[in-house]
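**Q** What follows is the residue order along each chain.
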Amino acid sequence: MKVMPLEERVLVKVELTQEKTKSGIYLPDTAKEKTQQGEIVEVGTSEDFNKMGIKKGVKVIFAKYAGTEIKIDNEDYLILNKTDVLAKVEQ
Amino acid sequence: MKVMPLEERVLVKVELTQEKTKSGIYLPDTAKEKTQQGEIVEVGTSEDFNKMGIKKGVKVIFAKYAGTEIKIDNEDYLILNKTDVLAKVEQ
Amino acid sequence: MKVMPLEERVLVKVELTQEKTKSGIYLPDTAKEKTQQGEIVEVGTSEDFNKMGIKKGVKVIFAKYAGTEIKIDNEDYLILNKTDVLAKVEQ
Amino acid sequence: MKVMPLEERVLVKVELTQEKTKSGIYLPDTAKEKTQQGEIVEVGTSEDFNKMGIKKGVKVIFAKYAGTEIKIDNEDYLILNKTDVLAKVEQ
Amino acid sequence: MKVMPLEERVLVKVELTQEKTKSGIYLPDTAKEKTQQGEIVEVGTSEDFNKMGIKKGVKVIFAKYAGTEIKIDNEDYLILNKTDVLAKVEQ
Amino acid sequence: MKVMPLEERVLVKVELTQEKTKSGIYLPDTAKEKTQQGEIVEVGTSEDFNKMGIKKGVKVIFAKYAGTEIKIDNEDYLILNKTDVLAKVEQ
Amino acid sequence: MKVMPLEERVLVKVELTQEKTKSGIYLPDTAKEKTQQGEIVEVGTSEDFNKMGIKKGVKVIFAKYAGTEIKIDNEDYLILNKTDVLAKVEQ
Chain A
139 MKVMPLEERV LVKVELTQEK TKSGIYLPDT AKEKTQQGEI VEVGTSEDFN
189 KMGIKKGVKV IFAKYAGTEI KIDNEDYLIL NKTDVLAKVE Q
Chain B
139 MKVMPLEERV LVKVELTQEK TKSGIYLPDT AKEKTQQGEI VEVGTSEDFN
189 KMGIKKGVKV IFAKYAGTEI KIDNEDYLIL NKTDVLAKVE Q
Chain C
139 MKVMPLEERV LVKVELTQEK TKSGIYLPDT AKEKTQQGEI VEVGTSEDFN
189 KMGIKKGVKV IFAKYAGTEI KIDNEDYLIL NKTDVLAKVE Q
Chain D
139 MKVMPLEERV LVKVELTQEK TKSGIYLPDT AKEKTQQGEI VEVGTSEDFN
189 KMGIKKGVKV IFAKYAGTEI KIDNEDYLIL NKTDVLAKVE Q
Chain E
139 MKVMPLEERV LVKVELTQEK TKSGIYLPDT AKEKTQQGEI VEVGTSEDFN
189 KMGIKKGVKV IFAKYAGTEI KIDNEDYLIL NKTDVLAKVE Q
Chain F
139 MKVMPLEERV LVKVELTQEK TKSGIYLPDT AKEKTQQGEI VEVGTSEDFN
189 KMGIKKGVKV IFAKYAGTEI KIDNEDYLIL NKTDVLAKVE Q
Chain G
139 MKVMPLEERV LVKVELTQEK TKSGIYLPDT AKEKTQQGEI VEVGTSEDFN
189 KMGIKKGVKV IFAKYAGTEI KIDNEDYLIL NKTDVLAKVE Q
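Residue numbers (the working numbering), protein chains in the order written: chain A, 139 to 229; chain B, 139 to 229; chain C, 139 to 229; chain D, 139 to 229; chain E, 139 to 229; chain F, 139 to 229; chain G, 139 to 229.
One chain only, chain A, in its complex shape:
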């Protein structure tokens, strides 16, 4: 299933909390929590995204409770409005 966000929206894959605890134990998926970070998977047709440097692969921080949650192949995604994307993250 391919989801194409419309106009000023983006599709973001939500990041889960880190995979390992501090003591190095790997967490099962069910013990992870959703963060306010994610990776852009698709962008809408708005020309602003180009100006903002928002494209596929970019990591972003988004506003709390923003957007519409969807599941694709059992993973968490968000359809976010451009205005709910607050910052880019470089690691």
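What you were told as hints is all true, and nothing was included just to trick you.
Partial list, derived from the structure: chain C residues whose beta carbon lies under 7 angstroms from chain B: (1) M190; (2) A201; (3) A225; (4) V227; (5) E228.
Simulated from the structure, these hints should not be mistaken for laboratory data.
Ideal Cβ placement from N, Cα and C applies to all residues, glycine included.
Assemble the complex: chain A is given as a structure, and chains B, C, D, E, F and G must be docked to it using the hints.
**A** What follows is chains B, C, D, E, F and G alone, placed relative to chain A:
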């Protein structure tokens, strides 16, 4: 009964959750739930729909609690505003 | 009593649920419920109604809880704003 | 006391429910209730009122809970904004 | 103390309910209640006040719960926005 | 610490209730209450302040619950938006 | 991790309450509280920041409950909208 949405509205047939359980058992209609996905059945007269690629037969994702629910021949439809259509889905 | 809606408003006669049960028994008026459908009885002076095809006799679907309810000769009518008329119905 | 509504406002004398019961008994004033109908008593200086046919003596329907209630000589009046006047009534 | 309302605001001295009961007994100040009427004491610099006939000495009716209450020499005044002044009163 | 309000904001030193009771007893600081009056300490860069006569030293009345409270050297200040400054006070 | 706020947003490092009590005792980190002050760490691409003198290193006061809290290397940061930055602080 034919429903013609006005101006910036669309008529969407709401998709129900999948017909089969993982173990392959078919679910009766009453055990299915409405999703946030559906198929465009009619579009209003707004020219934006053309630009957005929103036309009859296109599958879309819409915002939660958006629109006005109606029943046509005992099936669930939504009249949605253009701004509540978030993304197109290709399968 | 003749009610002339002002500017961008319409007067709609609210439809009640069907007169017969599935088994063919006629329901008394008190057992009927108001629907979100109705028939345009009068339109205001806004020129948009012409463009939208909204005129006397047209059946429409309107938003839930929209408009102002009035009784004329003991029948239920709504004064609705143009934006609360969502779709036309052809039967 | 003369009340002159400002700009886009009108002064409306609120109609009470009918004076007689169905069986023809006259109700005392205290048993009457305010309706959503009334008669225009004064209009503000907005030129729209002319276009809308809103002038002294015209009967109107107004939105529920709209406007500011005032008492003049112990009678109920409303100062209403133009947008809360929904329809004209001809009897 | 002189209070000069800014721009589109007016200073209004709030009227209290009548001084005498129907039977002619004078009420002490503490038994009086504030009304939604008052007298303009100062107007801001907005040119609209001239057009509206809102100037010092004019009696007005204002919206309920509108404005900011202040005490000057132990008397009740309101600083009101132009839009909360609903009507002029002539007696 | 010097606080420079940005653009359409002002910094106001909040006035406390009077220092003496009617009987002439001086109140300790802890028995004083904040009022809706204060003195302009700094203004932002908006040109409107000039037109409004809002500058350092001017006493003003402001809207209830408006602005952001800050403490400078243990005294109460407010950063207020231009629109929350209602009137100037001359004593 | 480098966070680049988008367009009209800034990244602010939130200041904690002072490190010493009045009696000179140093507080552990867990006893400190977040203030409404902070230091600009990054600014978005909006040209207004230049005009406002908002750049890296500037200390600012921001509105209560404004912005989105994030943790970078276990320290508290806020992504704030331009309009929630109320004043600059010079010490």
